[in-house]
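Please construct the entire structure, taking both the sequences and the accompanying hints into account.
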Amino acid sequence: MGKIIVVTSGKGGVGKTTTSAAFASGLALRGHQTVVIDFDVGLRNLDLVMGCERRVVYDFVNVINGEGNLNQALIKDKRIESLFILPASQTRNKEALTIKGVARILEALKKRFEYIICDSPAGIEHGAIMAMYFSDEALIVTNPEVSSVRDSDRIIGMLSSKTRRAVQNLPPVKEHLLLTRYIPKRVNSGDMLSVQDVQDILAIPLLGVIPESKSVLQASNAGIPITLDKKSDAGQAYLNVVARFLGEDPPPREKKGFLTRWFGK
Amino acid sequence: MYPHKPALEFKGNLLTLMVLHLLESDNDKIAEQLAKKISKAPGFFQDAPIVIDLHAIQDDESDIDLSELVKLLRTYGLIPVAVRGGNPQQDETALNLNLGILTETKSVRHRRYLEPETVATSSPSICKIVTQPIRSGQQVVSLQGDLVVLSTISHGAEILAHRHIHVYGALRGRALAGVNGDNEARIFCQQLDAELLSIAGRYLVNEDLPENLRSQSVQIYLEDDSLKIDPL
Chain A
1 MGKIIVVTSG KGGVGKTTTS AAFASGLALR GHQTVVIDFD VGLRNLDLVM GCERRVVYDF
61 VNVINGEGNL NQALIKDKRI ESLFILPASQ TRNKEALTIK GVARILEALK KRFEYIICDS
121 PAGIEHGAIM AMYFSDEALI VTNPEVSSVR DSDRIIGMLS SKTRRAVQNL PPVKEHLLLT
181 RYIPKRVNSG DMLSVQDVQD ILAIPLLGVI PESKSVLQAS NAGIPITLDK KSDAGQAYLN
241 VVARFLGEDP PPREKKGFLT RWFGK
Chain B
1 MYPHKPALEF KGNLLTLMVL HLLESDNDKI AEQLAKKISK APGFFQDAPI VIDLHAIQDD
61 ESDIDLSELV KLLRTYGLIP VAVRGGNPQQ DETALNLNLG ILTETKSVRH RRYLEPETVA
121 TSSPSICKIV TQPIRSGQQV VSLQGDLVVL STISHGAEIL AHRHIHVYGA LRGRALAGVN
181 GDNEARIFCQ QLDAELLSIA GRYLVNEDLP ENLRSQSVQI YLEDDSLKID PL
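Heads up: the protein sequence lines correspond to chains A and B, in order.
Going by our numbering, the first residue of the first sequence is number 1, and it counts up by one from there.
Going by our numbering, the first residue of the second sequence is number 1, and it counts up by one from there.
Derived by calculation from the structure, the hints in this document are not laboratory data.
Here the structure is a predicted model, which is why all the values come from computation and not from measurement.
Quick reminder that beta carbons are idealized off the backbone N, C-alpha and C, glycines included.
Hints may contain errors.
[Said to hold, decoys possible] Quick list of simulated restraints, FRET-style, between CB atoms:
{"id": "1", "chain 1": "A", "residue 1": "Ser161", "chain 2": "B", "residue 2": "Cys127", "range": "47 to 57 Å"}
{"id": "2", "chain 1": "B", "residue 1": "Asp225", "chain 2": "A", "residue 2": "Arg244", "range": "18 to 28 Å"}
{"id": "3", "chain 1": "A", "residue 1": "Pro205", "chain 2": "B", "residue 2": "Cys127", "range": "50 to 60 Å"}
{"id": "4", "chain 1": "B", "residue 1": "Tyr203", "chain 2": "A", "residue 2": "Gln199", "range": "27 to 37 Å"}
{"id": "5", "chain 1": "B", "residue 1": "Ile129", "chain 2": "A", "residue 2": "Ala243", "range": "37 to 47 Å"}
{"id": "6", "chain 1": "B", "residue 1": "Ser151", "chain 2": "A", "residue 2": "Glu114", "range": "27 to 37 Å"}
{"id": "7", "chain 1": "A", "residue 1": "Lys214", "chain 2": "B", "residue 2": "Cys127", "range": "29 to 39 Å"}
{"id": "8", "chain 1": "A", "residue 1": "Val146", "chain 2": "B", "residue 2": "Leu143", "range": "42 to 52 Å"}
{"id": "9", "chain 1": "B", "residue 1": "Pro231", "chain 2": "A", "residue 2": "Val146", "range": "42 to 52 Å"}
{"id": "10", "chain 1": "A", "residue 1": "Glu145", "chain 2": "B", "residue 2": "Lys228", "range": "29 to 39 Å"}
{"id": "11", "chain 1": "A", "residue 1": "Ser161", "chain 2": "B", "residue 2": "Glu184", "range": "27 to 37 Å"}
{"id": "12", "chain 1": "A", "residue 1": "Leu217", "chain 2": "B", "residue 2": "Tyr203", "range": "14 to 24 Å"}
{"id": "13", "chain 1": "A", "residue 1": "Asn93", "chain 2": "B", "residue 2": "His21", "range": "56 to 66 Å"}
{"id": "14", "chain 1": "A", "residue 1": "Val167", "chain 2": "B", "residue 2": "Val141", "range": "37 to 47 Å"}
[As the list claims (entries may be wrong)] Some chain B residues flagged as far from chain A (calculated, every beta-carbon gap over 12 Å):
{"id": "15", "residue": "Ile30"}
{"id": "16", "residue": "Phe44"}
{"id": "17", "residue": "Thr75"}
{"id": "18", "residue": "Thr103"}
{"id": "19", "residue": "Ile126"}
{"id": "20", "residue": "Ile134"}
{"id": "21", "residue": "Arg186"}
Below you can see the structure in the form of structure tokens.
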């Protein structure tokens, strides 16, 4: 049975969709059957970042409403064998997502995939709750700034109270902190929160730190998941995140200078 | 045979009394309408004790002429015994007319009974213990007694307790102890960075916290009606 992982943050623009695309393709690159779902109904972006927007015929909401079947809606990635995308609808709104409908689709996906990545919309309303409701694990994407950390804290609270696992008294959703758009220079000069600062406030295990990088914007504009850019430091960092998520201890390699600077203080 | 037999006794008693509610202070109007009412059943009002209720006109600027009204009532055979709900000046006039003052108003009675009540209910106190962090947007309430939190209270979280609050992580959110008016309630915390501290309704916001006690372990209690913070 597959594992459902929500990528969430509360705040917008912190890198949820970039992370969803990078993380899903990272898992698929390691040979895992992976599907990434866009829960941002009405503001669909994931297909752009994944470079498949011109192949969307049926979407998530169509499948929920029974207007098309799951196989018609799933888009197979052209670059990575075991990666699929389930795009959001652009013409509907988030109310189209019902608990029953989402449950049915996730159940079907769990039989077929090892990892189901749910790209959450920003906010704490219906769309975000639908994205997190059935999750087993959560990536909390946070920028090293006060408002983002505050919103992440709110989302972590909701993960432990508003999800299926919380409601049914099951073991809680496993939380992972992912710090993105990190600029070590600005941390050292004191105008950005450090990894330690963020961890002090959120008090959940850190899965990784992704440096701010020009290559992220270039890749997302080109519709390429950043993990496929071998030269990008952010791509490398995401690959390390995937390795750590899979329980490995990835070698820091030449990035050691960076890492000691991030974690050393 | 019974040399100490008491010749008198004072006892409280609930009686039914007729109350005349005055809605306006215009003496002429009152006289006119009173005459009409009484003419319908003059026997009913004969020798009846009556209380004059002044609630509706206690703030009226054109003051009522009470002595005039009392005289009028007596001519109809009514016996005015007391007033209630008047302003201090009206009360004084009433006293001069040998009328009693009934202080019974509902709001006053409630306020008087509230304080002993909170003390009384504090005895069966039940302590609530929370081990998980309390996140932004979450609220934890201990209605019966103390609240003990072993983890951190985040910014934007709120905790409330009937009595004391103990926080063993950082206190960054809002903490309200003694929410039912318990002046003895205290807040204890390992790291003070609270957005708001309150005991029995008295409060301090983050800006008011003394710089030297920020992030320190402290206790907060009420002294002379204001919050006091002491290092632990």
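To see whether the hints hold, each was checked on the structure:
Distance hint check: the CB atoms of Ser161 (chain A) and Cys127 (chain B) are about 22 Å apart, inconsistent with the given range 47 to 57 Å. The hinted window of 18 to 28 Å between Asp225 (chain B) and Arg244 (chain A) is violated, with their beta carbons roughly 55 Å apart. Between Pro205 (chain A) and Cys127 (chain B) the beta carbons are some 30 Å apart, a value that contradicts the proposed interval 50 to 60 Å. Separated by about 31 Å at the C-beta atoms, Tyr203 (chain B) and Gln199 (chain A) satisfy the suggested range of 27 to 37 Å.
In this structure, Ile129 (chain B) and Ala243 (chain A) meet the distance hint of 37 to 47 Å, their C-beta atoms being roughly 39 Å apart. Range check, Ser151 (chain B) to Glu114 (chain A): about 33 Å between beta-carbon atoms, so the 27 to 37 Å window is met. Distance hint for Lys214 (chain A) and Cys127 (chain B): a CB-CB separation of about 55 Å, inconsistent with the stated range 29 to 39 Å. Our hint of 42 to 52 Å for Val146 (chain A) and Leu143 (chain B) is violated, since their Cβ atoms are close to 33 Å apart.
Checked against the given bound of 42 to 52 Å, the beta carbons of Pro231 (chain B) and Val146 (chain A), roughly 27 Å apart, lie outside it. Between Glu145 (chain A) and Lys228 (chain B) the beta carbon distance is about 35 Å. The supplied range of 29 to 39 Å therefore holds. Checked against the given bound of 27 to 37 Å, the beta carbons of Ser161 (chain A) and Glu184 (chain B), roughly 32 Å apart, stay inside it. The hint said 14 to 24 Å for the Cβ distance between Leu217 (chain A) and Tyr203 (chain B), and at roughly 46 Å that hint is violated.
With their beta carbons about 57 Å apart, Asn93 (chain A) and His21 (chain B) fall inside the hinted range of 56 to 66 Å. Separated by about 20 Å at the C-beta atoms, Val167 (chain A) and Val141 (chain B) break the suggested range of 37 to 47 Å. Every beta carbon of chain A lies more than 12 Å from that of Ile30 (chain B), the smallest distance being close to 61 Å; the non-interface claim holds. With a least CB separation of 65 Å from chain A, Phe44 (chain B) remains clear of the 12 Å interface cut-off, as annotated.
Interface exclusion of Thr75 (chain B) from chain A stands, the closest Cβ pair being 73 Å apart, more than 12 Å. Interface exclusion of Thr103 (chain B) from chain A stands, the closest Cβ pair being 50 Å apart, more than 12 Å. No Cβ of chain A comes within 12 Å of the Cβ of Ile126 (chain B); the nearest lies about 22 Å off, and the non-interface call holds. With a minimum CB-CB distance of about 8 Å to chain A, Ile134 (chain B) fails to clear the 12 Å threshold, and the non-interface call is violated.
Every Cβ of chain A is farther than 12 Å from the Cβ of Arg186 (chain B); the closest lies at roughly 26 Å, confirming the non-interface assignment.
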